[in-house]
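Peer 1: Chain residues, written in single-letter form:
Protein chains: 2
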Amino acid sequence: MVLAEPAAPLGFKAAAAAAELAREKAFDAAIDPAELRTWLEQMSSEPNQVGSPHDKANAEFMLGKFKEWGWEARIETFEVLYPTPRSMALEMVAPTSYRARLAEPEVQGDRTSGHAGGGLPPYNIYGADGDATADLVYVNFGTLEDYAELGRRGIDVRGKIVIARYGQCWRGLKPKLAQEHGAVACIIYSDPHEYGYWSGDTYPKGGYRPEDGVQRGSVGDITQYSGDPLTPGIGATKDAKRLPIAEARTLLKIPVIPISSRDATPLLAALEGPVAPAGWRGALPFTYHMGPGPAKVHLAVASDWGQKTIYDVVAVMRGATYPDQWVIRGNHHDGWVFGAWDPLAGNTAVMAEAKAIGTLAKSGWRPKRTIVYASWDAEEPGLIGSTEWAETHAEELQRKAVLYVNSDTNGRGFLYVGGSHSYQRLVNEVGGAVTDPETGASILDRLRARIKVDGVPATSGSDGQAEKDAVESGAEFPIEALGSGSDYTPFLQHLGIASVNLGFQGEDADGGIYHSTYDSFDHFIRFGDPKFLYGVALAETAGRLVLRTADADVLPMRFGGLADVAGRYVSEVVKLADDEREDSRKLRQLIDSGAFRLAADPGEAYAPPESPGDVPRFDFAPLTAAAARLKASAEAYDAAFDRALGTDFRLPAVELARLNELLQGVEQSLTRARGLPGRAWYRHMLYAPGIYTGYAAKTLPSVRESVEQRNWAAAVDSIPDVAAALNSAAARLDEAATQLVPRLGQSRPAARPTPPPAPDGL
Amino acid sequence: MVLAEPAAPLGFKAAAAAAELAREKAFDAAIDPAELRTWLEQMSSEPNQVGSPHDKANAEFMLGKFKEWGWEARIETFEVLYPTPRSMALEMVAPTSYRARLAEPEVQGDRTSGHAGGGLPPYNIYGADGDATADLVYVNFGTLEDYAELGRRGIDVRGKIVIARYGQCWRGLKPKLAQEHGAVACIIYSDPHEYGYWSGDTYPKGGYRPEDGVQRGSVGDITQYSGDPLTPGIGATKDAKRLPIAEARTLLKIPVIPISSRDATPLLAALEGPVAPAGWRGALPFTYHMGPGPAKVHLAVASDWGQKTIYDVVAVMRGATYPDQWVIRGNHHDGWVFGAWDPLAGNTAVMAEAKAIGTLAKSGWRPKRTIVYASWDAEEPGLIGSTEWAETHAEELQRKAVLYVNSDTNGRGFLYVGGSHSYQRLVNEVGGAVTDPETGASILDRLRARIKVDGVPATSGSDGQAEKDAVESGAEFPIEALGSGSDYTPFLQHLGIASVNLGFQGEDADGGIYHSTYDSFDHFIRFGDPKFLYGVALAETAGRLVLRTADADVLPMRFGGLADVAGRYVSEVVKLADDEREDSRKLRQLIDSGAFRLAADPGEAYAPPESPGDVPRFDFAPLTAAAARLKASAEAYDAAFDRALGTDFRLPAVELARLNELLQGVEQSLTRARGLPGRAWYRHMLYAPGIYTGYAAKTLPSVRESVEQRNWAAAVDSIPDVAAALNSAAARLDEAATQLVPRLGQSRPAARPTPPPAPDGL
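Quick mapping for you: the protein sequence lines, in order, are chains A and B. The numbering used here numbers the first residue of the first sequence as 131 and each following residue consecutively. The numbering used here numbers the first residue of the second sequence as 131 and each following residue consecutively.
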């Protein structure tokens, strides 16, 4: 496949375009897969969780490298709550005895798996301490829908211990919902259906999770806020005012233990009670029952509730033209054990980029805007390193940051990319400019091909059809909305800084060893990215996003994509309310007709679902009007941009600077100071992690979740809020469009009131 | 729930209606669940496969009972090809050794499972003899789609032994397609995902298939013709002209062995090659691979290719008014081992009905039409008892039979019912008149409730939406189209006799022990119909269909439902061709664009699908016109029927008789003498078992399958044929409508040409 001649990068004057493309070639030439391999092997050679010597050593190693590569680099530290297990026990006490091993043995051929000594045992950080003995109930993935199914069968988890399988939602939601339903403890296990032999051969024959593999991970409630549980909204500096542990809303009140499928097997096999419905059945070789009992379990956790120092590495290269516009690029460096995939495969790409940019700088080039490279600590317990840094520097970041580019785990295969739709066009441009190392096509063409062939997986709130249609029509590739689960969250959803998250995946066996001891260098070079070609591709992609944003004359933003998705999200919530109303009416009718009774087996306890009340009609007019206004303003800006491009952005420097300032603030105009209902820390009106999904995004979250949760008052309350955010963005685009028109010779449009600044974030 | 006052039965004069309803009450009162239990226990006490002493004894037992109950009864025998295994062997010879046990051990608490001595080992009748040693390939369900997936991975089964799992299609298609693709032998196993612990606890704890359970069954090609392989189209009487075995199209050329999941485990676990795609993975606890090899298997089958005598029990009660109109009711009596569920649970309902009708007759009543009760032998090897009887008496049956009512296995739960849509209204009436024994609602209301709550499972050619819509709108309940797999096939699809097939299911564990030694009385009374209440419900339902059809003044037929489905089927095939055309175009484009190459993992062999050619445009006009004409004629007949009902069918006896004769022939007008493309034995233009489904129906099969198989010439050829069938039915309805109008006082409609008789079947 012959790639088209590269077009001039978005936002560059003609004279600057060729230099930028040449710089990107030089950038690519400075990236060496052998170095990625060397760094990965060294950094993953010892356990490197928060608080471990090797994690700190990795930070210091990077600090040295950044300096060597010509960056102004420093380590910023924070003091954060980081409980570690003192003792953990899990045993079945009836109907037979079984003591869970709660450990991951050495695996043949994996050199590090036998000496994880400096690491921690598998545990779920931010579960409570506790000691409970109770009957066991299987709750499937532990979602709200799962509890509804239990309820229809008359199964109550109050006073019980629940066992949930990993998957489908943020792990922290599983114990949170268990706790809300009255359970006294929660076990989370890895079913081979999601993570093990069902998907492929297990490690070491293949890359999938062996039956002893355990998924560690945080169960802090990141849907409330990310970062240190004791310092929401402020940096966890040494002297910061901290909440008492009992008041931290992100901490659980019940204990949680993660276990392997081997440890889960005797527990699940001993359950009786109703046979679990089809969607609840995993791949273990027995009939899944729901309980409660007769399996009775004793579970105990005791922890050291101390603080740890965390080490964010931050490297700065000062911009020559706009030193107060910052392009930030980050990945975390803390792992759960060796962390070869997660996070080091992504982190070494960040290092390669930093080295390559350093190489460019050594040749005399300086970026127009300031570039900040960061390697965060303590992402795993709850995006802490990034969040504390973002909270500490909030005011400055909101003034200066134009884009945050994040990565995390990296594998092999297809680009995945989500983020602020104002940068969708740039992502498309860059995706077309980077070559997939195994096919020679552009990474964007590969991704488009896959979507054409396989479609887009449905996500909450979207059936994937709009994305597939866009790809088939050849329109701009639609990037995903971001939920949470990596370090973009504090930037995007707390501070309103435009963000992009990306990586490669789909042709590897990542899920197999995720958050286990087997996430190792030996695993990665067999089942991840053996030749480090996708590490290079990640560096080339993220590097271009950084370089183009840093050096563009006008920030490389377009707003048609943003207006399109905003319009689509509005249509979706309007339809959601209508569907909800109609579905509720039908369901009530069905319940009242007795159909559920007649459809159920009289020999089994299976009650009808709860009868839903009426859904009111909402006045969505402010929202649809705001979406329409945003569309008009976005089109006007994009058209003005095209005209200005035609005249090579012939604006006086001060005008250009003012334009760039206006563009910097567009994303923040989509935030509101009072935040989302019940979780004020989240301020973005377009994107948030779902309260009941955690990882997956909810778009227009305040409206959508209020309707989903049947909180009609909150829905009514949220509509004008979201409309105001869209209107505020539109007003800012109007001003930017006006700013784009060169004054020379051409009269500016007649008096148009400058919109008031958005109420927050600017 | 209060049931409405029963309406006058369809087709009855007012004066006769009350007597009919009273007779049905007396009929119900004569049915005793204790008797069903007694008969079931006795008849399932010994193995009763074709040729066994107990199968013959059961026939003789029924003969005695029918006579005792006042029927003219006899046994009709046929001589049919019935190979039985002399020796069978299956072993893995590499990479390790494993000798399959090929037997079902005794199960604790199941009294008969330990003495199946008079039975046959698990085998697949009509597989060939053979001895092969070859690498193994896993082919999933063994469908065409599965071979396409193998092909894309470069896996060729030529010279290999394939292993397929039971499910999704007629078992005979698995070795047939294996043979067509060049395999030298076929193994079929029961995966716990379809039949075992995945669904529920296994026998004896629960009702599902234990890991030693084997599904026996025929692999004769019933999609070509049913009955004795050597006498297609004619009765297998002693002196019938028989085909040489080598010329029988329904016999395989390769050997087949059915095995348990225990025997399958080491074979499947030893496979390597590509990991099987998600839809191929069963519930065994390892990664499913496709092969070929390194598992190498030796398989050998040698059989006695002798004939057996089969015993159809046929009992007749002569009609008083229309002795030459026959209502036929049947179920088979041969099992694979003990056959408690399949077929005896249904067969005992037939016996209860016969006894109750006998009781009515003893009180002096005689049916208007002749009633024939039958218990067929040799259904299991290929619907042989029913087919040979139907072929032997074909001419008489086509002249006289007005309805065939079939049942087979019976369980517990919801009515399932399929058949000729000309009897859909009667089925609705009867379904509303029979009470579900566990809820007190009518069986129809229960079924409607379930569809409202759970929807209708999609079947080939239908997404179930039309059925769900009908139920939700309160319209007539839409009965299913019949494919094959039980004794209605020779009546409906070979002879064109209106048929209904019914039973109860959905709240039992039938699939668990289907065609195994564990299909026993002990299993049935725990996991089937413990109180025999659904046996009674089956008798009440089928009995009403028989009694009302036998005693109605005008045959209880309505044609709106028939015209509706014919119209829907026509719309479906038109849409199928359009979709096929558009999908082919898109797929070609996608292949040509190279998208499949870019979407595939370069590290794996996965070729694009084959590029489909153009789909021509078909002239469907004759078909849509015929569907419209049928609709008009059906509406006119139904309206005339309603008017005649208003005048209490005041027709002279000879006119009424002529009307009934016309109605008797409607179903046959839907057949064509030359039959379906490539399988002339199947003559019905509306319903057939799919060539690639076996059990599941294809509607408008000649057109639909020709399009699906991209045989454009056959599609073009079939359209006028099907249109002629619909037109022929319409013409007959026109004549019947004319006949319905009483001559007295009212002039008959002006000269309308009497349509020519349909070219066949009348």
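A couple of the hints might just be wrong.
[Stated by the list, open to error] Label pairs and their in silico Cβ distance ranges:
no., chain 1, residue 1, chain 2, residue 2, range
1, B, Asp593, A, Gly244, 21 to 27 angstroms
2, A, Lys661, B, Gln595, 46 to 52 angstroms
3, B, Ala810, A, Gly585, 38 to 44 angstroms
[What the hints assert, rightly or not] Okay, the calculated bits of chain A under chain B, using three or more residues with CB under 8 angstroms as the criterion:
no., region
4, 329-343
5, 504-510
6, 663-676
7, 685-698
[To be verified] Here are the simulated BS3-like cross-link-like pairs (lysine-lysine), alpha carbons at most 30 angstroms apart as the crow flies:
no., chain 1, residue 1, chain 2, residue 2
8, B, Lys598, B, Lys582
9, A, Lys195, A, Lys498
10, B, Lys143, A, Lys598
11, B, Lys155, B, Lys143
12, B, Lys598, A, Lys705
13, A, Lys598, B, Lys705
14, B, Lys426, A, Lys705
15, A, Lys335, B, Lys598
16, A, Lys716, B, Lys582
It should be emphasised that the hints constitute simulated quantities derived from the structure, not laboratory data. Quick caveat, the model's predicted, so the values are computed rather than measured. For every residue, glycine included, the Cβ atom is placed at its ideal position computed from N, Cα and C.
Peer 1: State for each hint whether it applies.
Peer 2: Do the hints match the structure? See the list:
About 54 angstroms separates the C-beta atoms of Asp593 of chain B and Gly244 of chain A, a value inconsistent with the hinted range of 21 to 27 angstroms. As the Cβ distance of Lys661 of chain A to Gln595 of chain B is approximately 50 angstroms, the hint placing it in 46 to 52 angstroms holds. A beta carbon spacing of about 42 angstroms between Ala810 of chain B and Gly585 of chain A agrees with the range 38 to 44 angstroms that was offered as a hint. Closer than 8 angstroms: that is the beta-carbon criterion, and the region 329-343 of chain A has 6 residues meeting it against chain B, so the requirement of 3 holds.
Three residues within the 8 angstroms Cβ limit are the bar, and the region 504-510 of chain A against chain B gives 0, so the coverage statement is violated. Residues of the region 663-676 of chain A with a Cβ under 8 angstroms from some Cβ of chain B number 0, which does not satisfy the need for three, so the listed coverage is violated. Residue count for the region 685-698 of chain A with a Cβ under 8 angstroms from a Cβ of chain B: 0. That is fewer than the three needed, and the coverage hint is violated. Restraint check for Lys598 of chain B and Lys582 of chain B: the C-alpha separation of about 7 angstroms stays at or below 30 angstroms, so the hint holds.
Taking the CA atoms of Lys195 of chain A and Lys498 of chain A, the gap is near 23 angstroms; set against the 30 angstroms cutoff, the hint holds. Between the alpha carbons of Lys143 of chain B and Lys598 of chain A the distance comes to roughly 61 angstroms, so the proposed pair goes past 30 angstroms and is violated. As the CA atoms of Lys155 of chain B and Lys143 of chain B are separated by approximately 19 angstroms, the hinted pair is consistent with the 30 angstroms bound. Restraint check: the Cα-Cα separation between Lys598 of chain B and Lys705 of chain A comes to about 23 angstroms, which is no more than 30 angstroms; the hinted pair holds.
About 23 angstroms separates the Cα atoms of Lys598 of chain A and Lys705 of chain B, which keeps this hinted pair within 30 angstroms; it holds. Taking the CA atoms of Lys426 of chain B and Lys705 of chain A, the gap is about 57 angstroms. The hint is violated against a cut of 30 angstroms. Between Lys335 of chain A and Lys598 of chain B the CA atoms are separated by roughly 48 angstroms; this puts the pair beyond 30 angstroms, and the hint is violated. In summary, the hint linking Lys716 of chain A to Lys582 of chain B is supported, as the alpha carbons are separated by about 10 angstroms, within the 30 angstroms threshold.
Of the numbered hints given earlier, the model fails hints 1, 5, 6, 7, 10, 14, 15; all others are met.
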